[in-house]
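2 protein chains.
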Amino acid sequence: MAKTTTHIALVCPGGPITQDLAKKTGEIAAARYGDSVRLHFHSQCFLRAGHFAGTDAARSAAFLDVANDPQFDAVWFARGGYGAGRLDENIFTQLADAARNKTYLGYSDAGVLLARLYKERIGSPVHGPMPTDLTRDGGDEAVARAIDYLVQQNVDALEPAAKSGKKTAAFNITILSHLVGTQWMPDLAGHILMLEDVGEYLYRIDRAMFTIIADHGIKKAAGIMLGRVADVPENDRPFGQTEEEITQYWCAKAGVPYLGRADIGHDAANKIVPFGGARIS
Amino acid sequence: MAKTTTHIALVCPGGPITQDLAKKTGEIAAARYGDSVRLHFHSQCFLRAGHFAGTDAARSAAFLDVANDPQFDAVWFARGGYGAGRLDENIFTQLADAARNKTYLGYSDAGVLLARLYKERIGSPVHGPMPTDLTRDGGDEAVARAIDYLVQQNVDALEPAAKSGKKTAAFNITILSHLVGTQWMPDLAGHILMLEDVGEYLYRIDRAMFTIIADHGIKKAAGIMLGRVADVPENDRPFGQTEEEITQYWCAKAGVPYLGRADIGHDAANKIVPFGGARIS
Chain A
133 MAKTTTHIAL VCPGGPITQD LAKKTGEIAA ARYGDSVRLH FHSQCFLRAG HFAGTDAARS
193 AAFLDVANDP QFDAVWFARG GYGAGRLDEN IFTQLADAAR NKTYLGYSDA GVLLARLYKE
253 RIGSPVHGPM PTDLTRDGGD EAVARAIDYL VQQNVDALEP AAKSGKKTAA FNITILSHLV
313 GTQWMPDLAG HILMLEDVGE YLYRIDRAMF TIIADHGIKK AAGIMLGRVA DVPENDRPFG
373 QTEEEITQYW CAKAGVPYLG RADIGHDAAN KIVPFGGARI S
Chain B
133 MAKTTTHIAL VCPGGPITQD LAKKTGEIAA ARYGDSVRLH FHSQCFLRAG HFAGTDAARS
193 AAFLDVANDP QFDAVWFARG GYGAGRLDEN IFTQLADAAR NKTYLGYSDA GVLLARLYKE
253 RIGSPVHGPM PTDLTRDGGD EAVARAIDYL VQQNVDALEP AAKSGKKTAA FNITILSHLV
313 GTQWMPDLAG HILMLEDVGE YLYRIDRAMF TIIADHGIKK AAGIMLGRVA DVPENDRPFG
373 QTEEEITQYW CAKAGVPYLG RADIGHDAAN KIVPFGGARI S
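Line by line, the protein sequences give chains A and B.
If you use the numbering used here, the first sequence corresponds to residues 133 to 413, in order.
If you use the numbering used here, the second sequence corresponds to residues 133 to 413, in order.
It is possible that part of the hints are untrue.
Because identical chains cannot be distinguished in the list, a pair is counted as satisfied if it fits within a single copy or across any two copies.
As the list claims (entries may be wrong) - Here are the simulated SDA-like pairs of lysine to any residue, each with C-alpha atoms no more than 25 angstroms apart in a straight line:
{"hint": "1", "residue 1": "385", "residue 2": "188"}
{"hint": "2", "residue 1": "251", "residue 2": "349"}
{"hint": "3", "residue 1": "385", "residue 2": "314"}
{"hint": "4", "residue 1": "298", "residue 2": "266"}
{"hint": "5", "residue 1": "298", "residue 2": "368"}
{"hint": "6", "residue 1": "385", "residue 2": "252"}
{"hint": "7", "residue 1": "385", "residue 2": "181"}
{"hint": "8", "residue 1": "251", "residue 2": "150"}
{"hint": "9", "residue 1": "295", "residue 2": "256"}
{"hint": "10", "residue 1": "155", "residue 2": "366"}
{"hint": "11", "residue 1": "299", "residue 2": "267"}
{"hint": "12", "residue 1": "251", "residue 2": "348"}
{"hint": "13", "residue 1": "351", "residue 2": "225"}
{"hint": "14", "residue 1": "298", "residue 2": "202"}
{"hint": "15", "residue 1": "385", "residue 2": "180"}
{"hint": "16", "residue 1": "295", "residue 2": "360"}
{"hint": "17", "residue 1": "295", "residue 2": "332"}
{"hint": "18", "residue 1": "352", "residue 2": "222"}
{"hint": "19", "residue 1": "251", "residue 2": "314"}
{"hint": "20", "residue 1": "299", "residue 2": "354"}
{"hint": "21", "residue 1": "385", "residue 2": "213"}
{"hint": "22", "residue 1": "156", "residue 2": "272"}
{"hint": "23", "residue 1": "385", "residue 2": "196"}
Just so you know, the hints here were simulated from the structure itself, not pulled from any lab data.
Extracted from the complex, chain A is given alone in its bound form:
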């Protein structure tokens, strides 16, 4: 990279993080890149307002602060949880040129913002690990992968199918089902769409696929790949299909190609998926 130092700003569009988590994230970055990377945690990350990291207004303002600040190369969402969809709609009309040159990295609930940014063609939205992954087993590895990608656009960090340079996108299944039919939903026609989830009953995965596969763009997707569907609670009776059979069922019903498993999920192995495809140099 031409610049000597990569500046990464962090905000929380959903739930808050702790100062301790910020410190640990900074230590991983420093250990890998020393002074050539700097993490800037916005003070909003540590606010608390009920379920959220500050009020909707505070979270909206913090996002605008970092997106519009030309000193930052990337905006890294520090945590998902829930809340990105409550940001003020008008922030998307207030994003300046500086916001258009940035990478935006996160997943899970932060996928709501990635979706909208992608729809509005603002910057480079990317599905990948967040600092809050440090609370998982092997989370250091996930966070290191995200930093490697932000600093070096490291190809090794990419999900294998994303290395092709083909149009890609990745979402949490539950989150994506809530975007369908809203003004936040991007057109995913022609994309390889990767999906993952955690902590949902299989009937809920199936129900979310009912909605996802109804989307006009997704009906014209290049195909769907299934990431990990983890920590599925046991129901009062077995569902009768695995998560892969569920995905194949809905793909077949809609005539969308099922392309196999993707290396993404709510876990340490979660790989990077740039929206629209990786720029392979």
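With chain A held as given, fit chain B onto it using these hints.
Same frame as chain A, but now just chain B:
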């Protein structure tokens, strides 16, 4: 009514019921109306295929059987659960004239079918109790109310706001959020939309409202009324708003009038809400 006997057919588009539940439902009907009401439980109600009351094909065929049979005055969904959205799309092109003169009664997951029937202008879809409510406290009362409505179109069974004859509709919040953006979603412009839910975290209610309020028809609804949101699990931190404040928040954000509480819910007091409004005689 002109006919001496009301014939009610029962099917299960989602989960199965037991023979015992069918028997108890029949006893309540007989105690109230003797020979002037007859319940016809389709054998499909008792099938089991994984999560469902038989395969998608079996459930689709059973629904067509009873909808297209001119001897039946009404189709009563015996249970929700999950599965109505997996019925074959082509059933809606195979519904005959006999299907157009019927009342279709149910709620929860069965709301998916009510939605599609309403969208296709087939028969009279009605939101109200089902035989499976007998497993709840006071369920006899709910089931008796449903039978009273099916036999007599009893006005006392109606939700108070539905007694006005105004255009109404009612849905489970989670189910409706999954219909938005799909070919199952009816146009609810001009309607009083009543919403209820059970067993969901408040952040999930909030997330579902994000999707619901984005729907083009609902943005033009006459207003939203909130039924009961029951059995909300405790989260790791308080959400910070009640279910009513959540509803008011999203209504205000979208400019949809909030019209107060509705007398519906996953409980014995669940009142009847005819889609499109009650025909008050």
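Hints, verified against the model:
Only between protomers do residue 385 and residue 188 lie at most 25 angstroms apart by alpha-carbon distance; the minimum there is 12 angstroms, versus 39 angstroms within a single protomer. For a Cα distance limit of 25 angstroms, the shortest separation of residue 251 from residue 349 qualifies both inside one copy, at 12 angstroms, and across copies, at 22 angstroms. For the identical chains of this complex, residue 385 and residue 314 are neighbours both inside a copy (23 angstroms) and across copies (14 angstroms), given an alpha-carbon limit of 25 angstroms. Taking the shortest Cα distances, residue 298 and residue 266 never come within 25 angstroms of each other, neither inside one copy (30 angstroms) nor across copies (54 angstroms).
Neither within a single protomer nor between protomers do residue 298 and residue 368 lie at most 25 angstroms apart by alpha-carbon distance, with minima of 41 angstroms and 40 angstroms respectively. Proximity of residue 385 and residue 252 under a CA criterion of 25 angstroms is satisfied inter-copy only: 21 angstroms between copies versus 30 angstroms inside one chain copy. With identical chains, the CA atoms of residue 385 and residue 181 are at most 25 angstroms apart between copies only, with a shortest distance of 19 angstroms across copies and 43 angstroms within one. Taking CA atoms no more than 25 angstroms apart as the test, residue 251 paired with residue 150 passes in neither setting, with 31 angstroms inside one copy and 48 angstroms between copies.
Proximity of residue 295 and residue 256 under a CA criterion of 25 angstroms is satisfied intra-copy only: 16 angstroms inside one chain copy versus 53 angstroms between copies. Taking the shortest alpha-carbon separations for residue 155 and residue 366, neither the intra-copy value of 37 angstroms nor the inter-copy value of 30 angstroms comes in at or below 25 angstroms. Taking the shortest Cα distances, residue 299 and residue 267 never come within 25 angstroms of each other, neither inside one copy (31 angstroms) nor across copies (50 angstroms). For a Cα distance limit of 25 angstroms, the shortest separation of residue 251 from residue 348 qualifies both inside one copy, at 14 angstroms, and across copies, at 19 angstroms.
Only between protomers do residue 351 and residue 225 lie at most 25 angstroms apart by alpha-carbon distance; the minimum there is 21 angstroms, versus 29 angstroms within a single protomer. For the identical chains of this complex, residue 298 and residue 202 are neighbours neither inside a copy (29 angstroms) nor across copies (55 angstroms), given an alpha-carbon limit of 25 angstroms. Taking the closest pair of Cα atoms, residue 385 and residue 180 come within 25 angstroms of each other only across two copies (22 angstroms); inside a single copy the shortest separation is 44 angstroms, beyond that limit. Taking CA atoms no more than 25 angstroms apart as the test, residue 295 paired with residue 360 passes inside one copy only; the shortest distance there is 19 angstroms, against 49 angstroms between copies.
Neither within a single protomer nor between protomers do residue 295 and residue 332 lie at most 25 angstroms apart by alpha-carbon distance, with minima of 29 angstroms and 39 angstroms respectively. In this assembly of identical chains, the alpha carbons of residue 352 and residue 222 lie at most 25 angstroms apart only when taken from different copies (21 angstroms versus 30 angstroms within one copy). In the homo-oligomer, the alpha carbons of residue 251 and residue 314 lie at most 25 angstroms apart both inside one protomer (11 angstroms) and across protomers (19 angstroms), since each shortest distance falls under that limit. Taking identical chains as interchangeable, the C-alpha atoms of residue 299 and residue 354 lie at most 25 angstroms apart only when both belong to the same chain, with a minimum of 9 angstroms there against 42 angstroms between chains.
Taking CA atoms no more than 25 angstroms apart as the test, residue 385 paired with residue 213 passes between copies only; the shortest distance there is 21 angstroms, against 31 angstroms inside one copy. When the C-alpha separation of residue 156 and residue 272 is checked against a cutoff of 25 angstroms, the pair qualifies only within one copy, where the shortest distance is 9 angstroms, while the shortest distance between copies is 58 angstroms. Proximity of residue 385 and residue 196 under a CA criterion of 25 angstroms is satisfied inter-copy only: 20 angstroms between copies versus 41 angstroms inside one chain copy.
Checked against the numbered hints above, the structure breaks hints 4, 5, 8, 10, 11, 14, 17 and satisfies the rest.
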